[in-house]
Amino acid sequence: MRKALALLGIAAGLVVYIAAFFVNAPIEVCISQPIIPPSILAGADSVVASPALFRKAWVVIVASRCELTFPATGTHVSTLVIEWGPSALAVAGLIGAASSLWIWLGATGRQR
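When you line the sequence shown up against the working numbering, it's residues 989 to 1100, in that order.
No lab work stands behind these hints: they were computed from the structure.
Honestly, I wouldn't trust all of these hints.
To be verified - FRET-style restraints, in silico, Cβ to Cβ:
no., residue 1, residue 2, range
1, L995, A1080, 14 to 24 Å
2, A1000, P1059, 26 to 36 Å
3, V1065, L1093, 41 to 51 Å
4, M989, W1072, 28 to 38 Å
5, L1002, I1070, 19 to 29 Å
Here the structure is a predicted model, which means the values were calculated and not measured.
Note that beta-carbon positions come from the ideal geometry of N, C-alpha and C, so glycine has one too.
Can you build the whole structure from these sequences, using the hints too?
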């Protein structure tokens, strides 16, 4: 019984971890986080940027990659924005899975 609950906990923890990466919406994060450096805007009457790229960054925690390119100056701006809400959910899923794995290994070790 303990082994089955531990395996269920491992599966649930991994599902929560993976689901946390699909919770974020990179376009919303990048729009709320301006990434244009002041040096580009200084002295420019009109700054034209190519369409911005918003994508998820697959790191251990949840993050979004925000990128802009300014063709007139040839400047490429890129930043990695960490999303703390989904990241906390991902960490909780990993902790749950690791705890369940520890319980499962402890239960199988005592049965021998």
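| Cβ distance range 19 to 29 Å for L1002 and I1070, holds or violated | holds (21 Å)
| said: Given a hint of 41 to 51 Å, does the C-beta separation of V1065 and L1093 actually sit inside it? | reply: holds (47 Å)
| message | Taking the Cβ atom of M989 and the Cβ atom of W1072, is their distance within the range 28 to 38 Å? | response | holds (37 Å)
| Does the Cβ-Cβ separation between L995 and A1080 fall within 14 to 24 Å? | holds (19 Å)
| Outcome of range test on Cβ distance (A1000, P1059; 26 to 36 Å) | Check failed, 48 Å falls outside 26 to 36 Å.
Checked against the numbered hints given earlier, this structure breaks only hint 2.
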